[in-house]
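Asker: Based on the provided sequences and hints, a complete structural model is requested.
One line per chain: the protein sequences are A and B, in this order. Be aware that the first sequence starts at 69, since it is given in this note's numbering, and climbs by one per residue. Be aware that the second sequence starts at 69, since it is given in this note's numbering, and climbs by one per residue.
Don't read these hints as lab results, they were simulated from the structure. Watch out, some of these pointers could steer you wrong.
Any copy will do: because identical chains look the same in the list, a pair fits if it lies in one copy or spans two.
Keeping only pairs whose Cα atoms sit at most 25 Å apart, straight-line, the calculated SDA-like set for lysine to any residue is [claimed, not checked]:
#1 Lys222 / His383
#2 Lys95 / Glu168
#3 Lys369 / Leu189
#4 Lys153 / Gly329
#5 Lys330 / Leu290
Below, each chain spelled out in residue letters.
Number of protein chains: 2
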Amino acid sequence: MFTQNLEGCQLEEKLSPKIEMLERFRKAYGAGELAPLSLVEQREDIIAFQKVIEPFLKFEDVLILGTGGSSLGGQALYALSAQEKPHLHFLDNIDPHTFEKLFMDLNPKTTGLVVISKSGLTVETLMQLLTCMQRGLMEEVLVITEPQENPLRKLAKSQNWPCLDHPPDVGGRYACFSVVGMIPALLGGIDVFAFRKGAAEVLRSHLENSEPTALLGAQVGLFLKNKRGKSLSVLMPYSDQLHFFALWYCQLWAESLGKNGKGTTPVAALGTVDQHSQLQLYLDGPKDKFFTLIAPQWAGKGDRITSTLIPEFVHKTMGDLFSAELRATYETLIRNQCPVRLMGIDEVNEKSLGALMMHFMIETILTSYLEDLNAFDQPAVEEGKRLAREYLAL
Amino acid sequence: MFTQNLEGCQLEEKLSPKIEMLERFRKAYGAGELAPLSLVEQREDIIAFQKVIEPFLKFEDVLILGTGGSSLGGQALYALSAQEKPHLHFLDNIDPHTFEKLFMDLNPKTTGLVVISKSGLTVETLMQLLTCMQRGLMEEVLVITEPQENPLRKLAKSQNWPCLDHPPDVGGRYACFSVVGMIPALLGGIDVFAFRKGAAEVLRSHLENSEPTALLGAQVGLFLKNKRGKSLSVLMPYSDQLHFFALWYCQLWAESLGKNGKGTTPVAALGTVDQHSQLQLYLDGPKDKFFTLIAPQWAGKGDRITSTLIPEFVHKTMGDLFSAELRATYETLIRNQCPVRLMGIDEVNEKSLGALMMHFMIETILTSYLEDLNAFDQPAVEEGKRLAREYLAL
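Answerer: Structural data, given as structure tokens:
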């Protein structure tokens with residue numbers, strides 16, 4: 069379903085897999101401590117979610133209010149959507165201009181609202197919600213939050229809105245396989261069974277095989293950081309649809325591992341776009357980056373050019389060019405001593421997206437083991453949240 | 069029009085301005101060597117451009133084909149657009165899926181095409197164009213390319229399409245004030261006179277004042293890189309509309325300065341979104357970043373909350389919260405020893421965008437002087453381009 073090629077990582081010799089980390093992972097999984105992952109084996113919850121979203125399917129538009137982990141997984145999934153309506157709008161910011169523009173376009177009678185905040189305390193989401201309510205956007209509202217008293221749940225109760233439980237043992241950035249990812253995905257007509265199936269296959273390979281992809285990936289990344297000074301991790305899919313997946317990865321990686329002075333800085337790039345924006349820096353700037361290219365099989369896809377106006381394009385497709393550019397960038401990075409990992413997928417679809425997201429979740433967790441970090445907290449941002457509340461009160 | 073506050077940069081003492089670099093800049097400008105900048109004093113070209121785009125104004129959609137410098141400046145400008153139609157689509161990639169989806173939605177009879185490639189050789193743009201032609205999207209086509217024989221110009225001639233000259237002495241990433249930025253901006257109903265006016269004021273301050281913003285910015289950035297190991301430059305506007313501006317900056321900075329092992333890696337962030345995605349890493353991960361926050365005056369903007377459902381929000385607006393979050397992030401970065409520059413603007417509009425873009429263009433050029441680099445070439449990417457053509461021929 070996907071392949072990981074580490075030949076371009078310039079390790080000289082293969083790293084021996086740290087089996088003890090894999091065993092720790094398996095033990096934690098077996099003890100039920102990795103709830104975000106075990107979700108992928110479920111099916112019944114989906115049936116229930118399908119029922120919950122039914123009233124929304126008649127709408128022209130659905131707004132998804134939420135930020136960070138409450139938004140990015142859903143956006144990564146929705147990027148695969150081919151349906152016309154309802155059209156989903158992910159509102160993950162509090163720019164008054166964005167909302168003003170949005171309100172001009174929406175009909176409150178044909179717009180639904182899904183509000184997601186694990187803690188139920190996220191000030192951005194609460195402010196979005198109150199603003200939408202004042203504009204009459206409350207025809208149908210669904211709330212997702214933890215099963216405990218919090219401002220969002222209280223508000224939902226006062227308005228008689230249905231409320232789904234955000235699993236307490238699943239942090240936002242690991243929530244893509246839970247209700248948090250599933251509701252937007254189902255609203256967008258995404259095949260969530262295939263998504264979970266792709267993820268489940270990758271999970272199983274990490275429970276069963278001795279050299280699974282994420283273990284090797286985690287070790288290579290740390291080796292390159294610690295021994296070769298590669299302090300940035302550039303994720304560069306050659307697919308417009310994987311752009312939000314790359315942003316999802318950036319949150320997952322940054323928040324899980326950026327602590328105690330450790331962690332590498334994730335950078336989302338996009339092929340071929342960033343060949344015309346960042347590649348000069350990548351090749352000839354500071355050699356501080358580790359690259360991961362995501363390579364779907366593009367050859368032959370798209371319209372075959374019949375015109376002879378540009379002779380070299382005759383009988384070629386856009387996909388052929390995409391493929392050639394990808395291969396050229398890969399080779400050029402290697403020739404310029406830039407370590408690069410190549411992750412191949414057949415095509416961009418639910419199954420491969422699920423596989424990639426599971427791979428990177430496990431790679432993040434294994435890296436946290438190797439770095440002796442807690443991959444599931446984010447202690448440093450609490451001070452800023454407190455300050456923001458303080459300034460708002462002024 | 070905009071302010072630059074360097075107090076959070078933690079320099080201990082003020083750096084003395086390197087006046088000789090400013091003089092070199094002024095001499096180059098006076099000798100006509102900085103053509104991208106002097107464009108902002110012109111007005112007559114706009115009148116001509118307005119005439120050229122007239123046939124496009126009747127359309128529902130206009131596709132802008134181009135990549136990198138042929139796209140990002142226009143996208144930064146179009147992000148300010150408030151008009152309904154024509155709706156602009158910037159196509160800067162060659163993902164067959166994106167095009168297939170696009171073709172499903174477009175009516176060839178009500179769609180115009182603007183094709184931008186300085187060299188006229190950009191394979192992505194040529195492939196996009198041929199594919200669009202085969203789909204019958206050639207009701208009205210406008211080409212922007214250098215005034216010399218090249219595949220794109222030949223193609224335009226063979227089809228009798230109007231062709232505007234891309235100024236040969238203006239590189240793509242510096243082209244936002246030229247025809248390359250102006251045509252999409254005019255199509256999007258942007259006030260290009262205000263845009264150039266904002267830029268012209270900043271330019272003039274660099275020709276006249278002894279401590280202009282870009283000189284101080286360039287010196288601070290280099291000091292932090294060389295003396296404090298800050299190898300990443302994070303640009304974080306608190307405005308959805310400035311997202312593409314941040315991507316434009318990333319190209320400008322990366323391609324101009326990422327050479328000979330020098331340069332810092334630009335990262336586009338977005339407030340408040342990335343407070344929920346990257347801030348944990350920024351505050352407690354490796355201390356390798358220099359931050360620039362772009363701060364519009366948001367207080368009081370947006371609907372005033374009247375509901376008492378969440379007591380702390382009563383009488384507050386979304387803009388008040390945006391402001392409080394910005395201030396909190398700024399303070400938190402400082403408390404965590406992260407050097408941060410604060411750039412204040414009144415509001416996000418054409419004038420302030422022009423000012424910011426001019427500031428960063430001059431900051432880039434002055435940094436190139438200080439680093440002894442050529443800010444206008446991009447030698448390292450040529451090999452990849454050659455390889456891509458080679459692989460395409462296979």
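Asker: Against this structure, judge whether each hint is valid.
Answerer: Comparing the hints with the structure gives:
1. Lys222 / His383: between (62 Å within a copy, 20 Å between copies)
2. Lys95 / Glu168: Neither way: Lys95 and Glu168 sit 50 Å apart in one copy and 46 Å across, limit 25 Å.
3. Lys369 / Leu189: between (46 Å within a copy, 22 Å between copies)
4. Lys153 / Gly329: This pair counts as neither: shortest intra-copy Cα distance 45 Å, inter-copy 49 Å.
5. Lys330 / Leu290: both (11 Å within a copy, 24 Å between copies)
Checked against the numbered hints given earlier, the structure breaks hints 2, 4 and satisfies all the rest.
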